Structures are given as structure tokens and as C-alpha cells.
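Just so you know, the sequences run in chain order A and B.
In terms of our numbering, the first sequence has 254 at position 254, counting the first letter as 1, and numbering is strictly consecutive.
In terms of our numbering, the second sequence has 149 at position 149, counting the first letter as 1, and numbering is strictly consecutive.
Calculated directly from the structure, the hints in this document are not laboratory data.
A portion of the hints provided could be inaccurate.
[Unchecked claim] DEER-style ranges, computed between Cβ atoms: (1) B:130 / A:120: 13 to 23 Å; (2) B:27 / A:348: 56 to 66 Å; (3) B:130 / A:570: 44 to 54 Å.
[Stated by the list, open to error] Below are the SDA-like pairs computed for lysine to any residue, each with C-alpha atoms no more than 20 Å apart in a straight line: (4) A:443 / B:289; (5) A:445 / B:198; (6) A:443 / A:398; (7) A:275 / A:310; (8) A:443 / A:524; (9) A:275 / A:392.
[Unchecked claim] Some chain B residues near chain A, calculated using beta-carbon distances under 7 Å: (10) 188; (11) 189; (12) 190; (13) 211; (14) 212.
In this text the structure is predicted, and so the values were computed from the model without any measurement.
Quick reminder that beta carbons are idealized off the backbone N, C-alpha and C, glycines included.
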Amino acid sequence: MTPLLSVRNLKVGFGATEAVRELSFDVPKGATLALVGESGSGKSATALSILRLIEREGGRIAGGTITLHEEGGPVDITALDERQLRGLRGNRISMVFQEPMTSLNPVLTVGNQVAEVFIRHRSMSGRQALLAARDALDSVRIPEPQRRLSQYPHELSGGLRQRVMIAMALACRPKLLIADEPTTALDVTTQAEILSLIRDLQAEIGMAVLFITHDMGVVAEIADRIVVLRQGRKVEEGAVADVFGAPKHAYSQQLMAATPKLGSGSPAAPSGASKLLDVRDLTTRFAVRSGFLAGRRSIEAVRGVSLSLGRAETLGLVGESGCGKSTLARSILCLIEPSSGAILLDGQDVMRADRQGLRAMRRHAQMIFQDPYASLNPRLPVHDLVTEPARIHGVVSARDQRDLAAELLQSVGLQQDAVDLYPHQFSGGQRQRLCIARALSVKPKLIVADEPVSALDVSIARQVTDLMLELQQREGISFLFISHDIAVIERVSHRIAVMHRGEIVETGPSQSVLRDPRHAYTRRLLASVPRHDVSGRRAALEPLPAKAVPAGPANGAGLREAAPGHFVRENAA
Amino acid sequence: MAEAAIATAASRPGLLADARRIWNDANGVQRAAICIAVLLLIVAAFAPFIAPHEPTAQSLIARLRPPFGFERYREGYLLGTDELGRDVLSRSLHGLQLTLILAALGATIGLVLGGALGLVSGIAGGLVDDIIMGAVDAQIAIPFTLIALLTLAIFGSSIEVMVLVLGLYGWEQYARIVRGEVRRLMAMPFIEAARAAGASGGRIAFRHVLPNAVSPLVVQFTLSISNIVLLESTLSFLGMGVQPPTATLGSMVGIGRDYLPTAPWIVVAPAVMILFVTFAVQILGDWLRDRADVRLRGR
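Throw the hints in and build the complete structure from the sequences for me.
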């Protein structure tokens with residue numbers, strides 16, 4: 001049987017650099033092929049080449065053929081002119097991009113944008129097209145499609161926007177859907193919904209899917225075949241079951257090993273740890289303007305949160321975007337003024353501290369941020385950057401600064417002679433190491449890490465979390481580790497706290513929470529995590545019935561002990 | 001901080017080696033600009049020694065004489081003479097000196113004043129921001145020439161008042177640019193990282209925000225030097241600038257305008273010098289901005 005799309009010896013270049021080298025693969029009819037690799041592996045360049053959008057990005061196809069096998073005979077996409085390409089794009093081959101936030105036009109209604117596809121490719125009238133648009137939204141299981149037509153993109157959640165993008169992509173029943181990391185920017189529960197949607201629609205329409213991702217869990221979830229890319233070259237290709245069962249190439253093995261898998265165990269709890277951080281009934285409110293003429297009202301981003309952290313212990317804080325976990329982290333460090341509650345660090349009440357006391361506290365509690373590119377001042381050399389907290393707190397003199405910098409670099413596994421370089425000369429993983437080195441410079445007791453590995457490739461992320469574990473064992477640092485990725489949390493945390501709508505809904509020892517989740521939200525979160533199990537794909541998620549979880553009592557009470565040290569919010573069941 | 005500065009200064013190779021490295025890095029246009037700038041500075045600094053005549057010495061029998069190579073050229077007046085028989089070359093050299101001093105002082109005062117206000121406005125926010133930005137809007141609403149004329153009329157047009165007036169010129173643009181940059185930078189994670197590390201407001205302002213806001217400031221500074229030269233000549237032309245017989249490039253162009261049909265050389269020499277000054281400043285400003293940015297250096 002001839003495949004739907006054949007790529008042969010594809011070469012793509014950006015200026016002098018080769019992004020894709022001699023790549024060949026087939027996309028079979030009606031099946032899903034996953035193109036897997038880390039950043040810079042050329043997977044997006046390949047996808048853009050298939051739609052010939054690569055020229056717009058400044059690249060060029062330097063050689064090879066891309067053949068689409070249709071009823072009317074094969075078509076070589078690399079030889080089409082611009083007019084023929086317009087008939088191809090969005091019609092026979094369509095694409096869904098990673099960023100649902102930016103791939104919709106913010107000033108046009110959803111209905112207009114979806115209808116445009118029908119007007120362009122199906123020559124429908126405006127009224128017909130709007131009706132078709134409503135059906136299209138309905139087919140991607142968007143609730144209340146009629147009302148969505150007149151809404152603007154900013155009124156929809158990320159998951160809904162991605163559904164709109166998919167509706168537009170599928171409007172013309174394409175033969176091939178290219179999905180470029182369509183779920184990477186989404187929460188894990190939303191990701192699970194979108195993946196099952198793509199699977200269902202594929203069965204309905206009978207289209208082929210080229211799925212581009214860096215996440216092995218997602219591959220196991222959706223793909224039939226897999227092509228592993230590294231630096232523009234294909235290193236392995238095969239059926240998903242074969243590659244997952246026995247990866248042949250060393251890089252595939254490494255990629256598999258680096259991908260965090262749920263259920264692979266947590267570090268043992270430190271014995272007899274004394275309390276370092278104690279947060280009681282912490283509430284943080286923000287004033288928001290609710291309308292043009294309306295006054296301000298306040299929303300509670302963090303509501304009556306109590307948690308504690310022992311010395312040399314890691315507490316993993318997990319929750320979806322918007323649940324208030326970053327606000328909680330910043331409130332604990334007093335980067336945002338909490339509204340009420342108490343924060344005891346080493347027995348000192350941080351919230352009642354004066355300016356001096358706050359400064360002293362900052363010496364003991366440091367923070368690592370999500371974006372390693374933006375959290376380093378681009379104008380400062382490394383020796384100034386990593387020693388800055390130490391200089392602020394007078395731990396090191398100007399004379400010893402370089403020595404300290406070299407020492408810190410060594411402890412995070414970087415070359416000592418990098419002290420004179422600037423941040424832009426480092427890769428993402430190296431920059432995150434610099435951020436860790438900076439936090440270490442004052443020998444803190446607590447490090448709050450806000451999504452420290454979310455922006456990194458899996459193999460790099462693995463190295464960074466390994467480094468953090470090693471530092472904890474060596475220096476006895478406590479970590480508050482925040483992530484939306486429950487598998488990463490499991491790997492690093494002794495205890496876990498699950499956050500939902502500003503509240504901690506469940507907390508306890510990692511294995512106790514993960515193996516015996518008591519709260520409905522925790523169960524839903526766990527069910528959404530892609531499993532590395534190719535054999536039994538799970539059924540669709542049950543919707544969370546607790547859309548209207550009643551606000552817990554503001555005093556933070558209402559946590560019931562389900563097992564030793566394992567607490568669940570009362571209204572859970 | 002001070003020891004560190006001394007240490008780096010001591011570890012540097014000599015000034016000459018620095019100059020050679022800079023020269024090697026520069027491209028053709030930049031080299032031309034460097035040459036012009038150095039030449040202009042030397043000429044301006046040594047104007048009293050180079051100039052063949054006193055800039056104010058009149059010679060009524062040698063009025064409106066053309067430069068060398070033309071008919072009626074008078075020996076010793078290389079670029080000709082003006083309507084009072086003064087040597088155009090000597091006046092241009094002295095004028096260049098005064099104009100450079102005025103422009104440099106004026107632009108620097110504007111930079112410091114506007115930059116500081118913008119920094120405070122952007123970091124403090126709230127009421128302080130509202131007040132400073134209100135003042136900026138008010139300044140934009142009133143033509144600056146009017147303010148300059150009023151000030152000069154009240155306080156007289158001495159050099160000191162002139163420098164102050166020119167310094168005030170353009171402060172609102174610096175303030176707006178810096179405030180915008182500061183607001184953008186304050187939202188960057190590395191500022192939050194500095195706060196989390198315990199950095200004080202001053203440290204954040206001068207170590208983290210200001211160095212990142214330098215690029216647009218340099219561009220504005222170079223633009224403002226040319227603008228100040230023009231403003232100075234406008235004021236001189238209106239009779240409120242530096243008073244005759246003292247020469248500035250602007251006043252020479254302003255006065256020479258009346259003789260443009262019959263004695264164009266009066267205008268040509270100072271005009272060409274203004275051209276060279278602005279050219280050199282713009283090119284060097286661009287180049288300085290690129291060099292100040294570590295991300296563009298050494299690629």
C-alpha cells in the first residue's frame with residue numbers, strides 16, 4: 001500500500017546551518033506518525049517544509065522530495081508554485097501550532113476566523129460558512145458552539161482555543177494533519193482531552209496525523225509509528241510498541257530514560273527532620289479591575305494555605321496553571337505581600353519582619369525561576385551574576401568574588417573558566433545551572449524552585465533535577481519544588497501538596513498521595529498524565545464534577561487525615 | 001566596587017593597544033567618523049592657536065572677500081571674510097569650540113536630568129510616576145523655543161544661562177524613553193530574581209535596570225546633540241542666543257543667511273562643520289550602543 005506522504009532525503013538549511021539532513025520517512029494513510037526529538041533536532045523545520053512554510057521562516061529546502069500521494073497521482077510539494085500551495089494548505093494538508101494563545105487573531109471573532117476557512121476553500125457564502133463553522137466547533141466538542149461564534153479568542157481558555165485551531169484545521173477534512181507540539185503549552189488534564197479528541201477525529205475522518213512532540217509520554221498515548229530525530233538526522237524509526245519495548249539506538253534509550261515516568265518512585269524521606277518552614281493559613285488577594293466603570297474587586301489567588309517543610313526535605317507543589325502555585329511561592333518569599341496568615345522560617349515570623357529582618361530572611365531563602373533566559377541580567381558577566389546574593393549580604397568581599405564564582409560554577413557542574421562569559425553564551429540548561437549557582441552563593445537553607453525544568457528538554461531537565469538532588473544530599477538544602485508535571489514532582493519530592501483553585505486539596509508523603517489519591521482533583525490529575533504504556537490506552541477522562549468545589553473555610557481547616565501524614569480536603573468525596 | 005574597578009583598569013593593556021583594537025574592529029564608515037571626530041576635537045581644543053586672526057578682529061577694507069582660489073581673494077583670509085571683514089576660518093574654529101562645549105554640556109544635562117526622572121518614574125510608579133509624566137506631557141505641549149526665549153529674556157543670554165536652557169531641551173524625551181524601558185525591564189524575571197536575592201532599590205536601579213536601558217539613551221543622546229546645535233542656531237538667529245560678536249556655528253549660519261546670494265562662503269564653512277559634527281556623533285553613537293551591548297560584542 002502506498003503511503004499518504006513520502007519524504008525522501010529531505011535537506012533543510014537555515015543560512016549555513018543544516019537543520020535537517022537527508023531525512024526520509026513515510027506517513028501511512030489514516031495512521032499517526034510521531035516525529036520526536038529535543039529542541040534543535042529539526043522536527044519543526046521538517047513540518048514547516050511539508051507545507052512549504054519554511055521559506056517564510058528564513059530557511060530553504062536544499063534537496064530531497066516531499067510527495068503527497070493522492071487519487072489523481074503523486075504530487076511533489078517541493079515543486080509546487082505559490083498558487084498551487086494555497087490550494088494545498090489548510091485544504092489537503094493542515095497544521096495545528098503549539099501556541100493557541102497567539103495563533104488566533106485577537107481582533108476577529110472565533111466565528112469569523114473559522115468561517116473564513118469555508119469561504120476560502122469551499123467557496124461558501126457568509127451565512128453558510130457561519131453555519132458550517134458552528135458545526136465544526138461542535139465536532140471538536142466545544143460546548144455551546146453557537147455562543148462561541150461571536151466570542152473573541154481572549155474569552156476562551158487555552159484548551160478551548162486549541163480546539164478552535166483544530167476545528168479550523170479539520171474544516172476541510174484534510175488528508176493529513178500536522179500537529180506541532182499542540183499540547184505542550186496546555187495543562188496536563190487539557191492535554192489529555194485534546195489528545196483523545198485528535199484520536200477520535202482521526203477515526204471519524206480517516207486522516208493521517210504527523211504529530212511532532214518532545215514528550216515520549218504523549219507519543220505512547222497517540223502514535224502508531226515513531227521517528228526519532230537528533231540534530232536533523234533520523235536515528236531510529238519503527239512501530240511505537242517496538243521502539244518503546246526495545247529502543248535500538250543509544251539516543252532513543254537515553255531519551256526514554258530521561259523522560260520522567262509516573263510510578264518510578266520517590267526519594268526516601270529524611271529521618272527525623274526538624275521543621276524549617278511553616279506556613280499557616282496563608283491568603284493572598286489581588287485587586288483587579290472588573291470592568292471599565294466597575295470598581296475594583298479582589299480575588300483570592302491563595303486561600304488559607306497551610307504547609308510545612310523539614311530540613312533537607314523536598315515538598316513538591318503540583319497544580320495546573322492558574323491554580324495559584326506561583327503566587328504561593330512568591331508570597332512565601334514576600335515578593336508579593338500576603339494578605340493574612342503566618343510564615344515561619346526557622347522559627348522567625350517573616351511577615352512581621354522589618355526591612356532588616358526581611359533581608360536576613362532572603363539570605364536563607366533563595367528562589368529559582370522558570371525561564372532561565374529571562375532570569376539572568378544579560379549585561380552582567382557570570383562572576384557578577386552568580387555571586388550577587390553573596391555580595392548583597394556581605395558574605396564575600398570584592399576580592400574573593402571571582403574565587404567564589406569559580407567554586408560555585410564547579411559545584412553546579414560548569415567549567416570554572418566560564419566566569420567571564422555572559423548569559424547569552426550559555427544554553428538553556430547551563431543557564432538554569434547558573435541560576436542554581438546564584439541561589440547557592442549564600443548557602444541558603446531553603447530554595448523555592450518555580451517550574452525550574454519546565455522550559456528545558458527532557459534530558460537536560462533530568463540533569464538539572466539530578467543536580468538539585470545531589471546538592472540537597474551534600475548541603476542539606478530544603479526545596480519547595482513547584483511544577484505542573486506530576487512525574488517530575490514524584491522524582492524529586494519526599495512529600496507532595498496538590499493545589500487547586502488557590503487551596504491545597506491533598507498533601508502527604510509522595511507515594512501515599514500518588515498510590516492512594518483521595519481527592520477527586522488529584523485522581524483526575526493522575527489520570528491525565530500520559531503513561532508510557534503502549535498496550536492499554538485509557539478511555540476518555542471523566543469530567544471533573546466538582547466544577548463548583550465550594551470554597552473551603554478560609555481558616556484552612558477542613559483537612560482530614562486519611563493516612564499517617566496524608567491529609568485530604570474535607571469536601572473531597 | 002572601587003577595588004574591582006582599579007583591578008580591571010590595571011589588568012588592561014595600555015591605552016594604545018585599546019585604541020588599536022577599537023580601530024581594527026571598526027568598519028570603513030566608522031573609521032571615517034573616528035578620524036573626523038578626532039580632527040574636530042583637536043581643532044576645537046586648539047582653536048586659539050590655529051586661528052590666523054582674532055575671531056572678532058574687523059577689517060572694514062576687506063569686507064566680503066571670497067575664499068582662496070576666487071577672484072578678489074585677499075591674502076591671509078583662506079576662507080574669505082564676512083560682512084564686517086572678519087576672517088571666516090578663525091570665526092568657524094572658535095565657533096566650533098563654543099558649539100561643541102554647548103552641545104556636549106547641554107545634551108549631558110538633559111541626559112542626566114531626564115534619565116534620572118525617567119528612572120524614578122518607572123521604578124516608583126504610582127503618584128510619583130503620574131506627576132513626572134504629567135510634567136513631561138506639559139513640556140511636550142509647550143513649544144520649547146518659547147520657553148527658551150522667555151528664560152533668556154528674563155535671565156539674559158550669558159553662556160551659563162545658555163547651557164542651562166540647552167540642557168533643559170529634550171529632557172522630556174529622555175524621561176519618556178527611560179521610563180518605558182524601565183517599566184519593561186521591571187517586569188523581567190531577572191529583576192524579580194534580584195529582589196528575591198535581597199537587592200535594595202538602588203542596586204536594582206543602577207545595576208540591573210539602567211545598564212539594560214542604555215541603548216535607546218545613547219541613540220537619543222546622539223540625536224539630541226544635533227538638535228541642540230540647531231536650537232542654538234535658532235536662538236542666535238532670533239537674537240537671543242550667544243551674543244555677537246562671539247561666534248558659534250549656529251549664529252554664523254544664521255547671520256550669513258542674509259548674504260547667501262552674494263557671499264555664500266560665510267555660511268558654507270560653519271555649515272560643513274555642523275554637518276561633520278552631526279555625522280561623527282551619529283555614527284559613533286550607533287557604534288557605541290553596539291559595543292555597550294555585551295550580546296552584540298565579540299560575535
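Hints versus structure:
1. B:130 / A:120: 13 to 23 Å: This hint is violated: roughly 48 Å between Cβ atoms.
2. B:27 / A:348: 56 to 66 Å: 59 Å Cβ-Cβ, so the 56 to 66 Å window holds.
3. B:130 / A:570: 44 to 54 Å: This hint holds: roughly 47 Å between Cβ atoms.
4. A:443 / B:289: Not OK: residue 443 of chain A and residue 289 of chain B at ~37 Å, beyond 20 Å, violated.
5. A:445 / B:198: 15 Å, holds
6. A:443 / A:398: With Cα atoms ~18 Å apart, residue 443 of chain A and residue 398 of chain A stay inside 20 Å; holds.
7. A:275 / A:310: 4 Å, holds
8. A:443 / A:524: 38 Å, violated
9. A:275 / A:392: 27 Å, violated
10. 188: 6 Å, holds
11. 189: This interface hint holds because 4 Å falls under the 7 Å limit.
12. 190: 5 Å, holds
13. 211: 4 Å, holds
14. 212: 6 Å, holds
Hint violations for this structure: numbers 1, 4, 8, 9, all remaining hints satisfied.
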